[in-house]
Amino acid sequence: MEMEIDDTPKPKGEETKGKPIVVILVGAPGSGKSTFCEQVMASSTRPWVRICQDTIGNGKSGTKSQCLKSAASALNDGKSVFIDRCNLDREQRAEFVKLGNPNVDVHAIVLDLPAKLCISRSVKRTGHEGNLQGGKAAAVVNRMLQKKEFPKLSEGFTRITFCQNESDVQAAHNTYSALGPLDTLPNGSFGQKNPDAKIQLGIMRFLKKVEVPANTVSDANSIQSSVSHKNTEEKEPSYKGHDNISSFSGNASKELKEGENLAVCSSGSHASLNNTPTLAFPSISTSDFQFNLEKASDIIVEVVEEYVNKLGSARLVLVDVSHKSKILSLVKTKAAQKNIELNKFFTFVGDITKLYSEGGLRCNVIANAANWRLKPGGGGVNAAIFNAAGPALEVATKEQAQSLHPGKAVVVPLPSTSPLFSREGVTHVIHVLGPNMNQHRPNFLNNDYIKGCQILREAYTSLFEGFASIIRTQGKLAKVSNENLDSNPSGAQEVIEGANTKHSPNNDQKSKREHEHDYDRSKKCKGSQDEIGADIPESKIGKVDKNNDKIDGSMTKAWGSWAQALHKIAMHPQTHKDVVLEISDDVVVLNDLYPKARRHLLVLARSEGLDRLSDVSKDHLQLLKTMHNVGLKWVEKFLQEDASLIFRLGYHSVPSMRQLHLHVISQDFDSKNLKNKKHWNSFNTAFFLDSVDVLEEVSSHGKATLRDDESLLSMELRCHRCRSAHPNIPRLKSHISNCQAPFPPSLLQNSRLVLAPCNAGIDP
DNA sequence: GTTCTAGAAC
DNA sequence: GTTCTAGAAC
1 MEMEIDDTPK
11 PKGEETKGKP
21 IVVILVGAPG
31 SGKSTFCEQV
41 MASSTRPWVR
51 ICQDTIGNGK
61 SGTKSQCLKS
71 AASALNDGKS
81 VFIDRCNLDR
91 EQRAEFVKLG
101 NPNVDVHAIV
111 LDLPAKLCIS
121 RSVKRTGHEG
131 NLQGGKAAAV
141 VNRMLQKKEF
151 PKLSEGFTRI
161 TFCQNESDVQ
171 AAHNTYSALG
181 PLDTLPNGSF
191 GQKNPDAKIQ
201 LGIMRFLKKV
211 EVPANTVSDA
221 NSIQSSVSHK
231 NTEEKEPSYK
241 GHDNISSFSG
251 NASKELKEGE
261 NLAVCSSGSH
271 ASLNNTPTLA
281 FPSISTSDFQ
291 FNLEKASDII
301 VEVVEEYVNK
311 LGSARLVLVD
321 VSHKSKILSL
331 VKTKAAQKNI
341 ELNKFFTFVG
351 DITKLYSEGG
361 LRCNVIANAA
371 NWRLKPGGGG
381 VNAAIFNAAG
391 PALEVATKEQ
401 AQSLHPGKAV
411 VVPLPSTSPL
421 FSREGVTHVI
431 HVLGPNMNQH
441 RPNFLNNDYI
451 KGCQILREAY
461 TSLFEGFASI
471 IRTQGKLAKV
481 SNENLDSNPS
491 GAQEVIEGAN
501 TKHSPNNDQK
511 SKREHEHDYD
521 RSKKCKGSQD
531 EIGADIPESK
541 IGKVDKNNDK
551 IDGSMTKAWG
561 SWAQALHKIA
571 MHPQTHKDVV
581 LEISDDVVVL
591 NDLYPKARRH
601 LLVLARSEGL
611 DRLSDVSKDH
621 LQLLKTMHNV
631 GLKWVEKFLQ
641 EDASLIFRLG
651 YHSVPSMRQL
661 HLHVISQDFD
671 SKNLKNKKHW
681 NSFNTAFFLD
691 SVDVLEEVSS
701 HGKATLRDDE
711 SLLSMELRCH
721 RCRSAHPNIP
731 RLKSHISNCQ
741 APFPPSLLQN
751 SRLVLAPCNA
761 GIDP
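Using UniProt numbering, the first residue of the first sequence is number 1, and each one after it goes up by one.
Accuracy of the hints is not assured; some may be wrong.
Cut-off 25 Å, straight-line C-alpha distance, at most; resulting in silico cross-link-like pairs (DSS-like, lysine-lysine) [stated by the list, open to error]:
id, residue 1, residue 2
1, K60, K19
2, K326, K344
3, K324, K334
4, K618, K633
5, K678, K733
6, K310, K338
7, K344, K310
8, K19, K354
9, K354, K344
10, K398, K703
11, K152, K98
12, K69, K116
13, K633, K577
Label pairs and their computed distance ranges (CB to CB) [said to hold, decoys possible]:
id, residue 1, residue 2, range
14, A565, K678, 12 to 20 Å
15, H572, Q290, 53 to 61 Å
16, K618, V579, 26 to 34 Å
17, H405, V321, 50 to 58 Å
18, N750, V104, 50 to 58 Å
19, K338, K98, 13 to 21 Å
20, C758, Y449, 17 to 25 Å
21, C758, K633, 13 to 21 Å
No lab work stands behind these hints: they were computed from the structure.
Please read all numbers here as calculations on a predicted model, not as lab measurements.
Backbone N, C-alpha and C fix where the C-beta goes; we use that ideal spot for every residue, glycine too.
Between the sequences and the hints, there should be enough to build the whole structure, so can you do that?
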C-alpha cells in the first residue's frame, strides 16, 4: 500500500507486527492501575506480565531495579509488560522507557482521575498490596500529585493514552483487551482533554476530614499554581520533530509533513482516535455497477470541489485497492486541473479496511459501496468492510436502517468492539448506494445516464453530508462531555459499550417466546380474516368485526380487550369528547392517555379495518398524508407554546392498541409514564417508523417495511441523542434530562425531527 | 396499553 | 436493605 500523493516507496515486509509492548501506568494510588492491568490481563489474548513494585519484593517492599530486571526478562520471552507503579514523574519513568527499542513499543496510560476519587479509594482500601491505608493515604496521594508530570511523547513513548474519567478508562481497557498477540496500536497521544483544573477545590474540604500533615493543607494554593504552571508547558505537546515520531509507521511521513498535529487529538472518548477528520471513500458505482468512468470521475471531482471548502480542515480521500486504478488517475488529473488543495482531497491506493494499519493513513470515517439491503456479502468493498468490521457493523447498521435507495447514504456509528474501530480508528461507516448500470443487479438504469449522473451526484452529496454531520456531532459531543465532567464526576455510567454483550441464552429464549406469542396473535388475526376471505370489501369486514365484538369475540381476544380503546374512539369520537382534541372525517386527534413525553398526542385514522401499519396500502397514501399534516399542525401549535421542543412523528411497527395511529411526540421523553425498556425502545429504535419514511415507502412500494422484530424492544438502552448506553431506565432518564448532544445524523435528515423555525438552522 | 408483584440485581 | 425488571393478569 502506498500514498499516491508523494510516491513514497512502500517499505513492505517490514516486521512491524507482533512487537511486545511496555505499558507504563501513570497514576496516583487509588487511580486504578492494578485493576486496569488485571482486567486487561483477564480478557486479553496477548501474553502480559504485570510488574508491580509493591508485590515484587515478596513481602518486603520492592525496588525499581527488581522491576526493571523482571520487565526485561519478560520482554525477552516475547511477553508484553505492564509497569504497575505510580510513575508520576519523568525521572521515575525514564529507565522504564529505555526498555523500548525498534522492536518494543513503549506506551503510557495515564489514569488521571479526580484526586478526590483516588484518595477515597485509597482510604477505603484494606488489603492493598502496598499497605497504603487509612488517613495517611490522603496525604500521600496529595503529595504525589504535587509532583505529577504528565508523560510526553518526547520522553520516548510511542503512544500515550490519557484517561480522565471512568469511561475513558473503560475505553482504554477495551482497546488494550482487544489487542491480540500480533496487533499494534496507532502511535500518538490520545484523550487529553482539559489540561487545566487538575486539582479540584472540593478535595481540600475533603482533606480536612482526614488526618493530613499541616503543610499539605496550607499548600493548597501552591499545589494549584505549580500544577497549572506545569500545564502551560503541556498545552502544546511537542509532536513534530521527534525522531520516534517522524519514523511513525515508516511510510506515513507525508502525514506529518502535512502539518498534522497528532498530539491534539484530544476531545471526548468518542473522538479519541481521531485527529484531522478524514473520510476515505471508494469510487461509487464504477466497479460492479459498471458506471462510465469518465462521467463518474467528473462527478466525483465536481462534488468534492463543492464540499472540500465546506468541511473546514477535514479531508476527503478517494481510495482504490488497485495500483492501475483508472478512476483514481482520472480523478487525480481532473482534481489537479481544478486546483483542489491536495491536503484536503487526494487519492490513495490501498485496502480501505487497513488504511491506518498498513498505510499509515488515519481515517475516522470510511464509506462503503453498499448494496440496497445493507447486508454483508457480495464482493468488493462491501464484503471487505463487513468482514473487517465484524458482526458489530451489521448490528449497528440494522439499528440505523434496513435498506437504502440509490443516491442515499446512511451513517452508522461503529461500536468500539469492532476491530475496525480498535485497529484502524474508524468511528463511523457511511453506507452509500449508487446508480446501477449493470443489468444483472437491482435497479438497472438501462444506460440512462441522465438519471444515472443525477443519482451518482446525489450519492456523493449524501455521503459528504453524512461526513459533515459526523464532524459537527463530534465537535459538540466533545464539548458536552467536558461539561459533564464537572456535574457528574462519577461518570461511570456514560458509555458502557462492550459491557452489554450478554445477549445470549436468556434473551434468545425470551425472544423466542415473544415470537411464538406474536405468531399466535397474527395467526388468530389472519385466521379469522382468512375464514371470511382475504379480499372482501371493507364494509363487510366492518360488519364481521362487529359480530366479533358481540358474538364470536375472537378478534377482540386477538387484540385484547384493553387494546380496543383507540378503535372505539376513532369510530365514535363524539362520545369521547372529554379526551378528543379534534375530529374530522378522516382523523381524530387526542392526547395519549399515558404520554411518554411533555407533548405526546395520537392522530387516529378513522377508517374501519385499518388497525395498524401492516394494513396500509397505496390506497391509504392520501390518508397517511392527512394524518402527517394534522400532526404537523399540532406540532406548530406546541412549538408556539414552547419553542425548545423537538418533535418526531411516526408509527410503531407493531402497535399494542388497535386502530392505526400516528404518534406525535416531543423528544424530551420527560414523563413519569415512561417506565420501562419497551416504552423507550418503541420510540427510539427502528421499531419506530418515521412518518416521512412511511409516506415515502408507501408511495414507492405500496407498503411500509415494518420492523416487527420484537427483540428491538428489549435492546440495550441508548440515549437517542449521544447514543451512550445506560444500565437501566432511571439512569437513562437522568442522563437524557441533561444530554444536549446533537441528534444522530440519521434523525437530522429528511425532516424526521420537527423543530421551531427559529431553531431550524441550528443542530438540535 | 397499565398495574401488580416476585424475585433478581445491586 | 433498596432498586429495578419482567411476567401475568387485566
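Evaluation of the provided hints:
The straight-line distance between the Cα atoms of K60 and K19 is roughly 33 Å, outside the 25 Å bound, and the hint therefore fails. Distance check on the hinted pair: K326 and K344 sit about 21 Å apart at the alpha-carbon level, within 25 Å; holds. Simply put, K324 and K334 have alpha-carbon atoms about 17 Å apart, close enough for the 25 Å limit, and the pair holds. Of the supplied pair hints, the one linking K618 and K633 holds, its CA atoms being roughly 24 Å apart against a limit of 25 Å.
Of the pairs offered as hints, the one joining K678 and K733 holds, with about 14 Å between alpha carbons and a cut-off of 25 Å not exceeded. For a cut-off of 25 Å, the pair hint linking K310 to K338 stands: about 16 Å separates their Cα positions. The suggested pairing of K344 with K310 holds, with an alpha-carbon distance near 11 Å, which does not exceed 25 Å. With a C-alpha separation of about 18 Å, the suggested pair K19 and K354 falls inside the 25 Å cut-off, and the hint holds.
A threshold of 25 Å between alpha carbons decides the hint, and for K354 with K344 the separation of about 20 Å falls inside it, so the pair holds. A threshold of 25 Å between alpha carbons decides the hint, and for K398 with K703 the separation of about 19 Å falls inside it, so the pair holds. In summary, the hint linking K152 to K98 is supported, as the alpha carbons are separated by about 14 Å, within the 25 Å threshold. With a C-alpha separation of about 34 Å, the suggested pair K69 and K116 falls outside the 25 Å cut-off, and the hint is violated.
Of the supplied pair hints, the one linking K633 and K577 holds, its CA atoms being roughly 20 Å apart against a limit of 25 Å. Taking the beta carbon of each, A565 and K678 are about 18 Å apart, inside 12 to 20 Å as hinted. Checked against the hint of 53 to 61 Å, the pair H572 and Q290 passes, with Cβ atoms roughly 59 Å apart. Between K618 and V579 the beta carbons are some 32 Å apart, a value that agrees with the proposed interval 26 to 34 Å.
Take H405 and V321: their Cβ atoms lie about 27 Å apart, and the range 50 to 58 Å is violated. Taking 50 to 58 Å as the suggested C-beta distance range, the pair N750 and V104 conforms, at roughly 52 Å. Restraint check, K338 to K98: a C-beta distance of roughly 51 Å breaks the suggested window 13 to 21 Å. Taken as a hint, the range 17 to 25 Å is violated for the pair C758 and Y449, whose Cβ atoms sit roughly 42 Å apart.
Look at C758 against K633: about 18 Å separates their beta carbons, and that is inside 13 to 21 Å.
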